[in-house]
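Novice: Position 201, counted from 1, in the sequence shown is what my numbering calls 1063; the numbers after and before it change by one each time, with no gaps.
A couple of the hints might just be wrong.
[Claimed, not checked] When the alpha-carbon atoms are kept at most 20 Å apart in a straight line, the in silico PhoX-like pairs for lysine-lysine are as follows:
{"hint": "1", "residue 1": "K900", "residue 2": "K878"}
{"hint": "2", "residue 1": "K916", "residue 2": "K1300"}
{"hint": "3", "residue 1": "K1031", "residue 2": "K900"}
{"hint": "4", "residue 1": "K1124", "residue 2": "K1097"}
{"hint": "5", "residue 1": "K891", "residue 2": "K869"}
{"hint": "6", "residue 1": "K1328", "residue 2": "K878"}
In case anyone wonders, no lab produced these hints; they're calculated from the structure.
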Amino acid sequence: MTVAHTKYGDIEGFEKNGIHNFRGVPYAKPPIGELRFKAPVEPSNWEDLKDCTKFGPVSWQSAGMMGGLVPEQELDCNEDCLYLNIQTPGLDDKKRPVMFWIHGGAFVGGSGSTPWYNGQSFASRGDVVVVSINYRLGVLGFLQLGAILGPEYQSSGLNGILDQVEALKFVRDNIENFGGDPDNVTIFGESAGAMSVGTILGLPRAKGLFHKAILQSGSALNVLSQETADAVASKLVEIAELDDPFSILDLSPQEMLDFQTKVVAEVESNPGKYRSAMGGIAGLPLQPVLDGIELPVAPIEAIRSGQAKDIPIIAGTNKEEWKLFSLMYPNPSDEEALIRRINRVGQIGKSSDTKEVGERFLAAYKKAFPDGNAGKWWEEILSDLVFMIPAIRLLEAQSSHQANVFHYWFTWESPAFGGMLGSCHAMEIPFVWNNLNKGGVELLVGLDPPENLALSMHDAWISFAKHGTPDQEASVKEWPRFDIENRYAIEFNTELAILKDPRGDTRKVWDDII
């Protein structure tokens, strides 16, 4: 029997291959009943030994694309979803580094219990403690209800982020009992998980709860303005045909999920009506909200002002992020259609001459990719708009305060599906976790992925968690710091390379947009 103590009571886990596992550990009270749409509340104490050998439920969600790649993962959805998982090499007083994972999924899907996020290798190879969490998603975690239901719900559009912070508080108060060091916590995430990390970097409530951050394909620019968040909430009430807005408190989770799907479709079909806090089109209608209370200023502005100046950072993207989404959203078929889409991108920025912006973009991407076509150029533009340029803005902001800032660029191209995926969004995940053998991974990376690439990324992440720099373990010997002058990055592929200002030719056309 594997037993550990928390401030709330004792929990039972299990040992596997020398690693102690605890699953479904409650870090907050169930956010149901009176706590629906409210900030998380510390859990109550328990007297009996709590069984923590099975994963807790995940937040309500629909099965997504990535779910199809994980056949062994069954969704157990419940509003009662605020649970975390811990994997540790020892229940002792060694004070190991803690790696705290925030899953992605566009703020509407995903879970910390996905097999790809099994931290066995991190714990055994790196001698670190791994924590993964579930948090409220979609309407339950990111619907801003203050304008509809009153000031009591003014920060409801941040509940998913506040859940993550509550889990960090659990780590601060309890992780020593699991062989971890509460003063050496690295938060890391991918996609919406990385966007969550970017938000937490600018969140006053989270200060002191973590000490390093890694952002994979996400940044600090993904917050909704109050105006847009209110419009999304009003649209949901309209779609649900609620005469009394307070009736939303009584909807079943499945009803909310159905209405959420319709709201997402509305935003996707009318993007110009919904704007992010940074002035851009809000591609994700349910994401963290700039509420003016918990999040008084946009995270990127807080970072620029030095709020996270003590936090070393790794941030980066994959070379062909948008290729994954091209499977769902068809690319333009010709240049005329491409120009129409580019003109919409121009509406995001500071320039009033969207035609000039469109022509400038098309010329830049044609020059950078002379053998491309309309579809290829559009994929590259969106890869930069949604992922690479926001990551660069974060690196620029943080490097003015902190020396240990590192940029990566993942360029390995998968042979799966005849090379259709390339170096797409999420491709780096099984390499970072050194989980190339997990179920469904072969559908993403093919049958013979390069193990040396996995060890390089895996060891770099371990080194960063231990030392605050990613080049002190065996696999990565050199990774120069990012600064505005040189813009160094490491290229992760079967052979590692040091790059100076990767994609600098197209980066510059974004200066008056993002």
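Novice: Can you name, in rising order, the numbers of the hints this structure does not satisfy?
Specialist: Numbers 1 and 6 - these are the hints that the structure violates, sorted from lowest upward.
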